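Enquirer: Letter by letter, the chains look like this.
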Amino acid sequence: MAQRQRIFFVDRLAALRNNEMSLREKIWQINWSLIVLATLISGIGIAMLYSAANGNIDPWASRQLMRFGAGILILLMVAVIDIRIWFRYAYAIYFVALALLVAVEFLGVSGMGAQRWIDLKVIQLQPSEVMKVALVLALARCFHGMALEDISRPTSLVLPIAITLAPAALVLKQPDLGTAMMLLMVAAAVFFCAGVRLWKFAVVGIAALGSIPIAWQFLREYQKQRVLTFLNPENDPLGAGYHTLQSKIALGSGGLFGKGFMQGSQSHLNFLPEKQTDFIFTMLAEEFGMIGGLILLVLYAILLTYGIAIALRARNQFGSVLAMGLTCNVFFYVFINIAMVMGLVPVVGVPLPLVSYGGTAMLTLMATIGLLISVYIHRDVRISRRGLGIEV
Amino acid sequence: MALIHEDNERSKTFTRRTLLLGGGQAVLFSTLAARMYYLQIIESDRYKMLAEDNRINLRLLPPPRGRIVDRYGTSMAANQQNYRVVLVREQARDVGQTLDRLARVIELSEYDFQRVMRDVTHKRAFVPVMVRDYLSWEEVSRIEVNAPDLPGVNIEVGQTRHYPYNEQLTHILGYVSAVSESELTGDPLLELPDFRIGKQGIEKQYDGTLRGAAGTSQLEVNAVGRVIRELSREDGNPGQDLVLTVDATLQTYTHERLQAERSAAAVVMDIHTGDLLALASTPGYDPNLFNVGLTNEVWNQLVKDPLTPLTNKAIAGHYAPGSTYKPVVALAALESGISPDFEVFCPGFMKLGNARFHCWKKGGHGKVDMYKATQQSCDVYYYELSKRVGIDRMSAMARRFGLGSAMGIDLPGERPGLIPTRDWKLAKIGEPWQLGETLISAIGQGFVLTTPLQLAVMTARLANGGKAVVPRLTRQAHAAQKVESPDGTELPDEFPDMDIPSAHLRVVQTGMDLVTNNPRGTAYRARIKEKGWEMAGKTGTSQVRRITMAERAAGVTKNEDLPWRRRDHALFVAYAPVHAPRYAIAVVVEHGGGGSKVAAPIARDILIETQRRDPSGTPPIALVGGQLVKRG
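The listed protein sequences derive, respectively, from chains Y and U. Taking the working numbering, I'd label the letters of the first sequence as residues 1 to 392. Taking the working numbering, I'd label the letters of the second sequence as residues 393 to 1024.
Honestly, the hints are just simulated from the structure, not real lab data. Bear in mind the structure is a predicted one, so any value in this text is a computation, not a measurement. Some hints here could point you the wrong way.
If we take Cβ atoms under 8 Å as the criterion, some of the chain Y residues that face chain U in the derived model are [what the hints assert, rightly or not]:
#, residue
1, Ala-188
2, Ala-189
3, Phe-192
4, Ile-249
5, Gly-255
6, Ala-285
7, Gly-289
8, Ala-301
9, Leu-312
10, Arg-313
11, Met-342
12, Leu-344
13, Pro-346
Label-pair restraints from in silico Cβ distances [stated by the list, open to error]:
#, chain 1, residue 1, chain 2, residue 2, range
14, U, Gln-610, Y, Ala-70, 43 to 49 Å
15, Y, Val-298, U, Asp-511, 49 to 55 Å
16, Y, Gly-145, U, Leu-412, 33 to 39 Å
17, U, Gln-610, Y, Glu-105, 48 to 54 Å
18, U, Glu-573, Y, Ala-169, 55 to 61 Å
19, Y, Leu-228, U, Val-549, 47 to 53 Å
20, U, Tyr-430, Y, Ala-70, 51 to 57 Å
21, Y, Gln-217, U, Glu-626, 55 to 61 Å
All C-beta atoms, glycine included, are put in the ideal place defined by N, C-alpha and C.
Extracted from the complex, chain Y is given alone in its bound form (with noise of 0.2 Å):
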């Protein structure tokens, strides 16, 4: 009896607060240092392009500083708006990045060899990056109310797989092989932290070890060439392997302090390619030496140990795996853009979060954040499993 009345007056509060919280209450709660964290990061960006352009604002600061601006509002916004509603709106704005995928194929323009972008005149929309966050909404949505004994029913995860391979089929065959990966290894976090079993993991595994001859042959030459050329990147190096060892060039020269802001050669000589898109990372490492490049990865530490606090704060299982798997997201992100700059993985198109220029992935990482700060705020909300605010 005690009990029971104890759960129902827990349930009451948790119901009261979160239904009746007003905007005013919201922004009270708005975790700031995390958006602090997002402008120094951005801040970071926005220099480094600024020094990309031989110290200029255009092209490249100019334009990645307004998108900031609209990041932050967009960010705001996401903030603010009930989880329920990203709850119940998840496999919609799931299916519109799936839809806006497709399209790719027949509207979307080329750049490096494959098809990414959709000219919306405003923007260069790119669909990949925007999957990145719907597909971790869609996963959280299947997986939300899913009991242990449920995820450990083979049948319960054949939504969520599904949910993961159609965006991946349609990626690889833009063919954009870095963010294929990249969407599974989302999953695949999603997957962990949802329960799956490990067992399960280790199958799937092994079958994909197992297909790589196979994938190999539908691999594009220049794919293979990556590869290959990450095996043995110096075996030609003006060849494929040019980025990876001037990169690495740029960024061992740069030594403990650096060369200084607006100062790195290899980067202002034109011998780093692509300095302020995917190798920026190693253009700022060439300024600012590895103490600068710590300070970045240190800074990303931070917003990715929020992103797990946040995590284990959600009181609501929605909110916990959106969390975790929005900040595996950005881990990866991050790690396979300075692991690929240093020649630790292959040369793969992922940018490096909030620094590297490009809109749709600094308009996608502020609404990630936001998304952080929406389960931040309404940690305590419970979710139905039609995502209502009281459990019937």
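Chain Y is fixed; fit chain U onto it per the hints.
Expert: Below, chain U alone, put in the same frame as chain Y:
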């Protein structure tokens, strides 16, 4: 209850696994930091070096080639500005239109057009493409005036070798030309596209001195090779100037005097110092052609020309010395104890077994002594001397006078001549020596071969009192030169004595004086009449063809009636002034006929000109620290 338990279980799993993932992320971030440490701290020096390699380009600055001047400092080979017009694509924007405009200002051939259009597409946008070179001043100024209408059109200045004396000094100076594949030594300077090296003459012999050392410029370049700025510059050493012993004006005179003949050579030298004052060989060729690049047509013409313009006949022409050899034979006879008063009766021939050895004078000279025999060039007298002296002693004397071996002059392509001995014939031909061969050797025929340079040196050594003077074109010592100077930099003006009694030399000198200054001498008509400038000389006529027995029976054909190629060579050697000798000369006119008629007048004119200018009497120029200084 079950629900809550289930919930707790699930959230425990989530927490555990989230922390596990978080830990994994921490580990991977640490990996990134470790990798950063490896690349930026441990391997940093290596990458810094690679970064500098990327960034810095070394560019060679070719040194200006040293000038070549004559003994008075007159420039004989110098560098001229070569103005060329180049086009930079990225500045020109519309290349075709710019070229059209340029063609209205200077002359451009259809070939130039096509070449530029092709080069422009192959090279990077900022690399200048050569449109035309060797522009005249007028063309340069016309381009400058129209510069506003010609975007991307620039004038560049290069250096090109110029020889103001054209073919008159070719055989001394040689020429420079583009480096060929086989001449590459690994020195990157040689691989520069418009670098030139000496291919002939002094230009080849002293190439190292004249070339200098390349400087380097460190340039910062970007990834596509565009120069951003110059980081540092190390100037090389310009090539050293070279002073020759030659008197360019005398050389010009000599060359022009020889040009009246089809093919000839002459050497004028200072008998005391060995300074070569003129060294001419005709015909010559224009060395400036080689600098720009010769067409195949012109090259083939030069190679196939029967008058061999490419050969420096003064040092590489092999000629039988004819009677100019007789002074050597006389000295050999004097040394073996034969008196100058020794007399021989010349009936016009000498009998040896069944063969008759003719004197050039059909009726013979009658009774002659050594003086008369030299004065009138009596062959029979010298046949008689040679019979008594023998070939080996004659040849030994010839060698002491510098015949039969290269003089080691500082020019490429010198030939040694040939002075035969018994051993030489046995070794080379495999037959024993014949007495008849001794006789014809005595009149400078048969196996005997000399170069005009050797004949000049022989004459100089006769005239300077038996000093073994060595010819030279520069005062700087050269490795090929046999005489070592005490300080190693300059050749001495003193030469070792040849151990020939001056009484013997006087006999020969008197004989040569009689040749030109006695009315019965063979070259009396070519004598120098100017007081104090008189010369002493010796005529020579060397046979090119064999005179057949049938011809002898029918009477020897007159030289003038023969085709040019079969006519005799005309030779003359002389020194002047006769009583205080200073200059020696040797003249060879190929197929010129008689020495007295053809070669002697040329030698006379050149010797008069030489004494008028008296190059040995004026202090020559010297190089001190790269500056030309008059010698005290």
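Enquirer: Now look at each hint and say whether the structure bears it out.
Expert: Now the hints, each set against the structure:
1. The restraint placing Y:Ala-188 at the interface with chain U is violated, with a minimum CB-CB distance near 10 Å, outside the 8 Å limit.
2. Look at Y:Ala-189: its Cβ gets to within about 6 Å of chain U, closer than 8 Å, so that hint holds up.
3. Interface hint at Y:Phe-192: satisfied, since its Cβ lies 6 Å from the closest Cβ of chain U, which is below the 8 Å cut-off.
4. At its closest, the beta carbon of Y:Ile-249 sits 5 Å from a beta carbon of chain U; the interface hint therefore holds under the 8 Å criterion.
5. Here the hint on Y:Gly-255 is kept, as its CB sits about 5 Å from the closest CB of chain U, short of 8 Å.
6. For the restraint placing Y:Ala-285 at the interface with chain U, the shortest Cβ-Cβ distance is roughly 7 Å, inside the 8 Å limit, so the hint holds.
7. Annotation: Y:Gly-289 was flagged as interfacial toward chain U, and the flag holds, the nearest CB pair being 6 Å apart, inside 8 Å.
8. Hint on Y:Ala-301 holds. Least Cβ distance to chain U is approximately 6 Å, under the 8 Å limit.
9. The interface hint given for Y:Leu-312 is met, as the beta carbon of that residue sits about 6 Å from the closest beta carbon of chain U, less than 8 Å.
10. For Y:Arg-313, the suggested interface contact is broken, since its CB lies about 11 Å from the closest CB of chain U, more than 8 Å.
11. For the restraint placing Y:Met-342 at the interface with chain U, the shortest Cβ-Cβ distance is roughly 5 Å, inside the 8 Å limit, so the hint holds.
12. For Y:Leu-344, the shortest C-beta to C-beta distance to chain U is roughly 6 Å, which falls under 8 Å, so the interface hint holds.
13. Interface restraint check for Y:Pro-346: the shortest CB-CB distance to chain U comes to about 15 Å, outside 8 Å, so the restraint is violated.
14. Restraint check, U:Gln-610 to Y:Ala-70: a C-beta distance of roughly 47 Å satisfies the suggested window 43 to 49 Å.
15. Range check, Y:Val-298 to U:Asp-511: about 54 Å between beta-carbon atoms, so the 49 to 55 Å window is met.
16. One distance hint, 33 to 39 Å for the beta-carbon pair Y:Gly-145 and U:Leu-412, is violated here, with the actual separation near 23 Å.
17. For the pair U:Gln-610 and Y:Glu-105, the supplied restraint of 48 to 54 Å holds, since their beta-carbon distance comes to about 52 Å.
18. A hinted range of 55 to 61 Å for the beta carbons of U:Glu-573 and Y:Ala-169 is consistent with their spacing of about 59 Å.
19. A hinted range of 47 to 53 Å holds for the C-beta pair Y:Leu-228 and U:Val-549, which are about 50 Å apart.
20. Range check, U:Tyr-430 to Y:Ala-70: Cβ separation about 39 Å, and the 51 to 57 Å hint is violated.
21. Take Y:Gln-217 and U:Glu-626: their Cβ atoms lie about 57 Å apart, and the range 55 to 61 Å holds.
Comparing the model with each numbered hint stated earlier shows that hints 1, 10, 13, 16 and 20 do not hold.
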